[in-house]
Every structure is written in structure tokens, then in C-alpha cells.
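*Asks:* If you want the building blocks of each chain, they are given just below.
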Amino acid sequence: MNLNPLFAAAASPTTPATDWIILGLFLFFVATTVVGAVIAVNTVRIIRSVCGLAIACLGLAGLFYFLHSPFLALMEVLIYIGAVCVTIIFGVMLAEPDEPAPEKMRRPYPVIAPIFASLIALGLFGGLTYVLLHHQWTAPTASLNDGSVAAIGTSLLSTYSLAFELISLVLLVAILGALVIARGGRTKE
Amino acid sequence: MTLAHLYEQPDAYLVVAALLLALGIFGLMRRRTLIGMLISGELIFASAGLNFVALSRFVSPDPAAGQIAVLFLMGIAAAEVAIALSIIIAVYRNYRSIVSKELSELKG
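Chains D and H supply the protein sequences, listed in that same order.
First residue of the first sequence? That's 5 in my numbering, and the numbers climb one at a time after it.
First residue of the second sequence? That's 9 in my numbering, and the numbers climb one at a time after it.
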């Protein structure tokens, strides 16, 4: 099963137009990720923020596809958009999560705090970008496997089988814990 | 490498991951409700996942290891969202609010 038709085309470059189309797709997915993340952190209504997270995850799935891992792209859409965002929307329905109006908050330093947060975020981004652009990434000389879905399944059930079992235990405990925590205090009202 | 092969370089993916991390940290500081902070935390998870896959694709000799790490990370993120949302709902029952500034008592 060939899940990578795009890279079958990319491996044998026929015309320069193909390259530019693939580059355009890549830039589209990068823009989707970044715009979705900006929406997720900058809107007032929390439901728009959840939609921004879903958009960012869709772009991220495209980037995973470009990184030769189509299985992860499918899982990203399935788990993040299908499970995480829907669960957060359930939380939005059960609580009143909208950001309060700024004048109600009586913030002592209404101007300094956003500038401070932006400076920290910009400094983090600038520093990380500086470090990674000045590092020479070396490609590996040999490869253990081809990173296909079959290779993932083989290592998941051989090398990583203990972690695979433990993650299911973690999920079970998390579900039970979530039930216990959300149920407590329900009869008080 | 030329611009046309931007998607074949690790730098492009790592810069996007750094941007996601910075936006997540920014949202974690600026958001005033617990669900907003949870969404910002999800962005940080996504940034870590993109880093894993990009480095395992371009630098590591085992391309499957990074994908498996991201699969585990998605499982952890799903568990974290379930726990965090149940805590948020419990907090909302006690305080009638999930604005982080108003949650200032230890004993409800």
C-alpha cells in the first residue's frame, strides 16, 4: 500500500513546476499551523480558540505527511481533532470559560504584562531559531529501517512493547481518575 | 539547498516547532482561564511532537523511533486532557468560575 504518492512524484523530479507545487503545499501547511496557533492563543472566545487548535493540528498533520510519516498524519487528525478538540468542547459546554472583560479584571499593570509576555515568547523563539539555524545537521550514514507503517508496527511490538503496554495502563488510569474527579461533589448542589 | 527544496531541510520544521513553542508559552502566560491554558499546553505538546518527527526523519538513523515517540506523546496528551478537563469541571462546581485569578483559596 503506497501511502506516499506525493513523494513518489518528488523522488523523480520531472518538471520544475512539480517542485514549486510541492513547495506551495508545504508553505500552505506551515501557514495553516502558524495561523491556527495564533488564533488559539489570541482570541477572546474560547470556542474560537478550540477551532484554532483544530486548524493548527490540521496543518501539523500536513507537516507530518511531508516528513514521510503518513500514519502520524492520520493519527494527528484522529486523536487531536477528533478526540482532544471534541473533549475540550465538552469542557467548554460544562463550564463558562470565556475570558473576562479586561475592565473587570482590575489589572495593576495593564500594559506591561502583555509586553512582558511577548518579550519572553519572542526571546524564546529568537534564541531557539538562532541556535538551530547555526547548527549543522548531519544526515545519518546508514538507516535501520525505512520508517514505514510496517517498520513502526514491528518496533512497536518488539522494541517498544513494554512502553506500548504501559501507555494503555496510563490511559486506563487516566480515564478512571477523570471519572472519579469529575464525579466528586456532584450531589452537593 | 535551494528554496524549492525547503521541505527537505530540518531547519524549516524546527523553526515552525520553535514558533509553536513560543506561542504556547505566550498563551500560557496570557490566558486567564484554565481551558485557555490547557489549549496553550496542547500547542507545546504539538511543538515537541514536530521536533521528534523532524529530527528522527533527518538526523536519526532510526526513522521509526521518532514516530513511535510521537504516538506515545499523543497518548499522554489525550490522558492529560481528560484529567485536566475533569479537574476543571470539579473546580467550576466549587467556584462557579475557571478564571485562574479567582481560584485563590486552597480549601473550597
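Calculated directly from the structure, the hints in this document are not laboratory data.
Keep in mind that this is a model prediction, so the values were computed, not measured.
Note that the Cβ used here is the ideal one computed from N, Cα and C, for glycine as well.
The reader is advised that the hints may include incorrect statements.
[Unchecked claim] Examples of chain H residues toward chain D, derived with CB under 8 angstroms:
1) F34
2) I43
3) G49
4) L51
5) I52
6) F66
7) F80
8) A87
9) V89
10) L93
11) S108
12) L111
*Asks:* A separate judgement is required for each hint: does it hold in the structure or not?
*Replies:* Each hint tested on the structure:
{"no.": "1", "hint": "F34", "result": "holds, 4 angstroms"}
{"no.": "2", "hint": "I43", "result": "holds, 4 angstroms"}
{"no.": "3", "hint": "G49", "result": "violated, 10 angstroms"}
{"no.": "4", "hint": "L51", "result": "holds, 5 angstroms"}
{"no.": "5", "hint": "I52", "result": "violated, 10 angstroms"}
{"no.": "6", "hint": "F66", "result": "holds, 6 angstroms"}
{"no.": "7", "hint": "F80", "result": "holds, 6 angstroms"}
{"no.": "8", "hint": "A87", "result": "holds, 4 angstroms"}
{"no.": "9", "hint": "V89", "result": "holds, 5 angstroms"}
{"no.": "10", "hint": "L93", "result": "holds, 4 angstroms"}
{"no.": "11", "hint": "S108", "result": "violated, 11 angstroms"}
{"no.": "12", "hint": "L111", "result": "violated, 12 angstroms"}
Of the numbered hints given earlier, the model fails hints 3, 5, 11, 12; all others are met.
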